[in-house]
Amino acid sequence: MKMITAIIKPFKLDDVKEALRSAGIQGMTVSEVRGFGRQGGHTETYRGAEYQIEFVPKVRLEVVVADGDADRVVDTIVSAAQTGKIGDGKIWVSGVDRIIRIRTAEEGPEAV
Amino acid sequence: MRRKWWAAATGAAALTFLTATPVLAQDEGPTGGDVQAVLDNIWVLVAGCLVFFMQAGFALVEAGLTRAKNVVNIMAKNLADTLIGIIAFLAVGYAVAFGGSNWFIGTDGFFLSGMNPFEIGSSGVLNLTSSTFFFFQVVFAATAVTIASGAMAERTKFTSYLVFSAVMTALIYPIIVHWTWGGGLIKRIDIGDAVYSDFAGSGVVHMTGGVAALMGAIALGPRIGKYGPDGKPRAIPGHNIPFAILGVFILWLGWFGFNPGSELAADTIVMWVAVNTLVAGAAGGIFATAAVWIKTGKPDLAMSGNGVLAGLVGITAGCGAMNQLGAVITGAIAGVIVVFAVFGFDRIKVDDPVGAVSVHGVCGAWGVLAVGLFARYDDAFLGREKAGLFYGGGIDQLVVQVLMVVIIAAFVAVTTGILFFVMKKTIGLRVSAEEEREGLDVLEHGLTGYAADAVK
Numbered sequence: 073m074k075m076i077t078a079i080i081k082p083f084k085l086d087d088v089k090e091a092l093r094s095a096g097i098q099g100m101t102v103s104e105v106r107g108f109g110r111q112g113g114h115t116e117t118y119r120g121a122e123y124q125i126e127f128v129p130k131v132r133l134e135v136v137v138a139d140g141d142a143d144r145v146v147d148t149i150v151s152a153a154q155t156g157k158i159g160d161g162k163i164w165v166s167g168v169d170r171i172i173r174i175r176t177a178e179e180g181p182e183a184v
Numbered sequence: 011m012r013r014k015w016w017a018a019a020t021g022a023a024a025l026t027f028l029t030a031t032p033v034l035a036q037d038e039g040p041t042g043g044d045v046q047a048v049l050d051n052i053w054v055l056v057a058g059c060l061v062f063f064m065q066a067g068f069a070l071v072e073a074g075l076t077r078a079k080n081v082v083n084i085m086a087k088n089l090a091d092t093l094i095g096i097i098a099f100l101a102v103g104y105a106v107a108f109g110g111s112n113w114f115i116g117t118d119g120f121f122l123s124g125m126n127p128f129e130i131g132s133s134g135v136l137n138l139t140s141s142t143f144f145f146f147q148v149v150f151a152a153t154a155v156t157i158a159s160g161a162m163a164e165r166t167k168f169t170s171y172l173v174f175s176a177v178m179t180a181l182i183y184p185i186i187v188h189w190t191w192g193g194g195l196i197k198r199i200d201i202g203d204a205v206y207s208d209f210a211g212s213g214v215v216h217m218t219g220g221v222a223a224l225m226g227a228i229a230l231g232p233r234i235g236k237y238g239p240d241g242k243p244r245a246i247p248g249h250n251i252p253f254a255i256l257g258v259f260i261l262w263l264g265w266f267g268f269n270p271g272s273e274l275a276a277d278t279i280v281m282w283v284a285v286n287t288l289v290a291g292a293a294g295g296i297f298a299t300a301a302v303w304i305k306t307g308k309p310d311l312a313m314s315g316n317g318v319l320a321g322l323v324g325i326t327a328g329c330g331a332m333n334q335l336g337a338v339i340t341g342a343i344a345g346v347i348v349v350f351a352v353f354g355f356d357r358i359k360v361d362d363p364v365g366a367v368s369v370h371g372v373c374g375a376w377g378v379l380a381v382g383l384f385a386r387y388d389d390a391f392l393g394r395e396k397a398g399l400f401y402g403g404g405i406d407q408l409v410v411q412v413l414m415v416v417i418i419a420a421f422v423a424v425t426t427g428i429l430f431f432v433m434k435k436t437i438g439l440r441v442s443a444e445e446e447r448e449g450l451d452v453l454e455h456g457l458t459g460y461a462a463d464a465v466k
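Those protein sequence lines, which keep their order, are chains A and B.
For the first sequence, the working numbering begins at 73 and goes up steadily by one.
For the second sequence, the working numbering begins at 11 and goes up steadily by one.
It is possible that some hints are incorrect.
[As the list claims (entries may be wrong)] Below are the BS3-like pairs computed for lysine-lysine, each with C-alpha atoms no more than 27 angstroms apart in a straight line:
1) B/Lys242 / B/Lys197
2) B/Lys308 / A/Lys81
3) A/Lys89 / A/Lys162
4) B/Lys308 / A/Lys157
[Claimed, not checked] Negatives, chain A to chain B, calculated, CB over 10 angstroms:
5) Met73
6) Arg144
7) Gly180
None of these hints come from the bench; they were simulated from the model.
Cβ coordinates follow ideal geometry from the N, Cα and C atoms, glycine included.
Isolated chain A, as found in the complex (with noise of 0.2 angstroms):
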């Protein structure tokens, strides 16, 4: 199993998830995150004086899916997520040790 997390901009949110719901995706977490990259951040004046806003709002969504769907869920929020302009975000991958479903203690695949 892996765990896709993506760090994306808040207003992608709707569509990320409504592209993942459609490409079989049935559960997600999200957070509300801040943070900044390459692109720095940006400037907004309260009472005439500008000041620097360096950790920029962010939406970090984590999914975990079975090995095999994980390029085509990279390859959905990719395309969902895209601007194209600076600020975008990023995606990583890592792999995922054990899986378990609290109510009833499923693991594994059936799990997830």
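We have chain A; now place chain B onto it with these hints.
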């Protein structure tokens, strides 16, 4: 206040005497005068309620423009200065403001002693009972003291602020009231026909609060992080802009009690004053927005809010003497002034998180001066029509207004300056650096403003 209490002598006193008998005791039913007398009292009471609600506006503006880690503290200060202000003004302040004896300070009527709270006209001011008049005055005192809270936000020791609140509402503000609306000092200052005019208190209330706020901000020094290593001011954004703007609207609503209520009677001048108040606030908001937009390239919303308040503070003195054109011009100029004042105080390292010194202090002074320029009608203080420079009244009124600005500002600066200095040397004025970084809420009050439901 429109009517000087000592000026109640002729017509007003006669009316007071005629209506002094209780309404219900008359067999033939209430006369027109009786009805008017009760209406006067009811209106001033309702206006006082609106002024009281301004406390909510101040609390929200200040909370919105400061950080979440200090929101309990700012709310606590706003509640505490109301509580202390009410009791201190009852015990001492009202007597100091309106007691008789000499031009400097009133010395009788502590705890409202010797007053007949039920009788029409018993306050000595038109038809108002002493209860009505006290109610209206005490909510003004609470307004004057709470102005400083915003300028001193995010770094003041809670106990020190309590002491300041008590001294301000028991002595400093009431002395200014005694000199002006109480009929003290200003009776001795006249140039030609000109006597100081300040209908609802641009100078008496707002500049007094604003100068105290300035001295507080200076005595405290800027918040940690307000100035970078290069000495340049840095933005410390407020945590809740919706609070701040809701607060502005609440204050604006309250001002329809503050200014029109200061007529101290239910007559047709009340609505005139309300319109002046309305248009001056709008003009202030527009011109402040324009000024900050041109200067920085962005229509800064917090500054627009300050602009509305600046316009309202500006018209507070002249709302009974000006026509609507005068009110719009006064408000508009206040809106421009407040933007440059905020930037100016930032530059000279006076850290005022909410702009209280600029809004109330600077625009309060402007409002007083504006009477000398734009006074068209007799507001009962002026004693003559067309007193303003631009209406052919000559320079006298302006000179008197300037003189009183200097006197009030100097007195408040010296007294609050001494008070803050003494507190700094004794009980301490500012929290520790550690407490300031962590936020005052937890370390000073043991409470957070926004407690989490699950993650604790």
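Hints versus structure:
1. B/Lys242 / B/Lys197: Distance of about 47 angstroms is beyond 27 angstroms: violated.
2. B/Lys308 / A/Lys81: Status holds; Cα separation ~25 angstroms.
3. A/Lys89 / A/Lys162: Within the cut-off at roughly 16 angstroms; holds.
4. B/Lys308 / A/Lys157: 24 angstroms, holds
5. Met73: About 28 angstroms separates A/Met73 from the closest Cβ of chain B, which puts it past 10 angstroms; holds.
6. Arg144: 35 angstroms, holds
7. Gly180: Given a closest Cβ separation of 30 angstroms, the condition holds.
Checked against the numbered hints listed earlier, the structure breaks hint 1 alone; every other hint is satisfied.
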